[in-house]
Amino acid sequence: MAQIDIQAKILRYQPEKDEKPHWQTFAIQVADDSTILDVLNEIHWRHDGTLAYRRSCRSSICGSCAMKVNGRNVLACETPVHRFGTKLKVEPLSGFQIIKDLVVDLEPFFAKLKRIKPYLIVDKPLPDKEFVQSPAQLEQIGESTLCILCAACSAACPSSWPNQEYLGPAALLKAYRFVFDSRDDGADQRLEIVNDKNGVWRCHTIFNCMEACPKKIKITEYLSRLKLKVVENSL
Amino acid sequence: MKIEQARKYHKIDAVIVGAGLAGLRAALEVARSGLAAAVVSKVYPTRSHSGGAQGGIAAALANVSEDSLDAHMFDTIKGSDYLADQDIVEHFVNEAVNTVYEFEHMGVPFSRTADGRINQRPFGGHSAPRACFAQDITGHVLLHTLYEQCLKHNVLFFSEFQVLSLLVQNDVASGLVAWDIREGGLHIFHAKTVLLATGGYGRAWKVTSNAHANTGDGVALVLEAGLPLEDMEFVQFHPTGLYKHGILLSEAARGEGAYIINDRGERFMKNYAAAKMELAPRDVVSRAEQTEINEGRGIGGRDYVYLDLRHLGREKILSRLPQIHDLALNYLKADSIKEPVPIQPTAHYSMGGIPANIRTEVIKDAAGTVVRGLYTAGEASCLSLHGANRLGTNSMQDAATFGRIAGAHMTEFCRQNVFADLPTKPLDVAQGKIDRLWSGSGLERHAPIREELQENMTKHMGVFRNQDDMLRMLGIIKELQERYRKVGVDDRGQAFNLDLIEALELENLLSFAEVIVEGALARKESRGAHFRSDFPKRDDANWLKHTLAWRRDGKIVMDYGKAVVIYPQYQPQERKY
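Those protein sequences? They're chains A and B, same order as listed.
Take 1 as the starting number for the first sequence in this note's numbering and just add one per residue.
Take 1001 as the starting number for the second sequence in this note's numbering and just add one per residue.
Watch out, some of these pointers could steer you wrong.
[Stated by the list, open to error] Not the full set, but computed from the structure, chain B residues with beta-carbon under 10 Å of chain A: (1) G1185; (2) A1213; (3) R1314.
[Claimed, not checked] The calculated lysine to aspartate or glutamate pairs, modelled on EDC-like cross-linking and capped at a C-alpha distance of 16 Å, are: (4) K229/A with D188/A; (5) K1002/B with E1266/B; (6) K129/A with E1102/B; (7) K1244/B with D33/A; (8) K124/A with E1102/B.
[Claimed, not checked] Derived list of chain A stretches under chain B, where covered just means 3 residues or more per stretch with a C-beta under 8 Å from a C-beta of chain B: (9) 41–47; (10) 115–125; (11) 193–205.
Rather than coming from a laboratory, the hints here were simulated on the basis of the structure.
All C-beta atoms in this analysis are idealised placements derived from N, C-alpha and C, irrespective of residue type, glycine included.
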């Protein structure tokens, strides 16, 4: 395994020192099969301990390390450096307030999730065993349950940037996930919530969310089906 | 430092440390009863490493073939190499089926049989297809579902808080002190009950399936509080870690029929576990792999073997094991549809942990004396359900089931008791840790020390152990502990100080790693995941017992408690697969 020289330009913001974010370039050596997270670790562990970023599972499932690399929203842990060559430009997700360096404030993101009642609502009596759900019924929601709440979609969404009230793709996808779950009885409540100018109708089918999703979830398609359901329901 | 000097003071009935399956399930139980439950976690709840669990959750639903609670019980006991406490296992299997149905009622998108019931797949050491699964993202969907339920029931979340000290005096818990990672500052959480659900301690190894967060903070806090840890020497190495990375490739692959092959293309498990082959328990398969590697039959003579999924076919791989396919492709550029995937044993699961009784109450000695108000569940705990080796899919079941049981007992305790008094200077221990790092000489950095620990643990405390290696490891740990005193942090800021957090975590790793080695050195036998080349046989006459280890005056001291063997039909016997 060969070592390669990397120039990593990172958007830095230390709230106790900096008035506004600024770029800092680190010239470092890493193994040629390194990921973006390996690069950040190398800098943090051996060059500048003040660098802040989120990470945990380093296997693409926890959703901690979504950030923007060379203009694209990615999970740092699963993205190989060679995808971008030797010049990296790393910055926090757009559309969120920066807490420090690559760490953004996700409280608004999680607050939006809560607004769509993100849990199964069951009015009927519970069965003794499991609800019967056919593989075809499961298929309706299967892919949407892959969402890891990394916020890469919301940060890529031009409709979300200027409008903090917009529920955004992740929360709407979660709404889809429950509305289309054969076991759920809460569709009416949720459809009422998303039938709003800051709900599904703020989605302008730009497809950025889909391109940004590290789990390759067809978010725009599901949001379109959710829109259709809203219309059907109000007829 | 007095209470008033805390950045914030919270008074909450039940404070739960850790937001994985155990912590969230406990919080849900408390919150549903109407009491206040707070979850304090170093990461956002959905970032917890329960989400990394892939293959399934065990329950004898008998949806796809015959099964029974007795069979689940026996498999678990045999899998544990007979060290599991049988009263705990019995309680566990009795609750397991309900736990799965309850999850399903909460909305977990389980994979289905053709007739719409929860599908089940085979798993290592289980005598029937018992793993209820959602593709190979079972942990992810269980975690997210529990988080959703907690939102519904208004559980309070304190995300991105690092717990720095437990408040325990005279065997009574009164809360804890935590550092607010986001903004800085110490918060006092004054509680009637505290649950430690902080997960495993795999980050002490270099090659591990564990997340960066899995630094055994809970076990280290308990040790620091003068309480014992149990069976820390038992650490499971998962046979199918992605080569070099250690990232988990679920046993579900083998459950679906994947092979493990050596350099000669042989399914070598036929020489180690002819009946169960690749679906022998993990300790057996990892030892077989390591033996092949040690004897030169790794691929190209190197330190890995192959996981071979090719014969499963594209459709099955992509529908049942999509995550595994993506991980191999992403991290090793190995397309599992077309080529075998390089794998090696990876430090995976901590059988040992914080000793607790069947009610999940933390105990402080071999006599079972309870620390009032202090509870533990999930991988951080040692009840002992898994004994010397855990079966796959029993961990998610353990976390959820005993999380719920913990929540129920905590609720009951909260209703019957008032808040215990805080110590007079509750902040001192926590503040001391931070002050030491902020005023540290800075002659040492935390990262190189941690890397030395991890590399050496992988080298000396792996699948095979012996006295010489372990004594060497003990010396290395002592030296690293010395060097840790000179660690300073670059970052003196309050907000999101990752430098500070990693330095604090290292103190924890160095603390409990010593207990792992001491426990393993003392245990002169081989049982389950603890295999000593110098004592290769199980020794029931002397070692059918649990290790309890304390740190006293800077030294590790040990005592032992008898393993609970209650059923004649589950008496220890030779373990063959």
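Fill in: Status of the A1213/B interface restraint (C-beta, 10 Å, chain A)
5 Å, holds
Worksheet entry | Interface hint status, G1185/B versus chain A (Cβ within 10 Å) | 13 Å, violated
Worksheet entry | Given pair status - E1102/B, K129/A, alpha carbons within 16 Å | 9 Å, holds
Worksheet item: Taking a Cβ-Cβ distance under 8 Å as contact, does the region 115–125 of chain A have three or more residues in contact with chain B?
Response: holds (count 5)
Worksheet item: Are the Cα atoms of K1002/B and E1266/B separated by 16 Å or less?
Response: 66 Å, violated
Worksheet item: Taking 8 Å as the C-beta cutoff, is the stated coverage of the region 193–205 of chain A by chain B satisfied by three or more residues?
Response: violated (count 0)
Item to complete: Below or equal to 16 Å on CA atoms is what counts here, so check K229/A against D188/A.
Response: The given pair, whose Cα atoms are some 10 Å apart, holds under the 16 Å limit.
Worksheet item: CA of K124/A to CA of E1102/B, is that 16 Å or under?
Response: This hinted pair holds, its Cα atoms lying about 15 Å apart.
Discussion item. Would the hint on R1314/B be counted as holding, given a Cβ-Cβ threshold of 10 Å to chain A?
Written reply: Hint on R1314/B: violated, closest Cβ of chain A at ~17 Å, above 10 Å.
Discussion item. Holds or violated: K1244/B and D33/A, Cα atoms, limit 16 Å.
Written reply: 11 Å, holds
Worksheet item: Given as covered by chain B, does the region 41–47 of chain A meet the bar of three residues or more with CB within less than 8 Å?
Response: Coverage by chain B holds here, the residue count being 3 at a Cβ distance below 8 Å.
In summary, the structure is inconsistent with hints 1, 3, 5 and 11 from the numbered list given earlier, while agreeing with the others.
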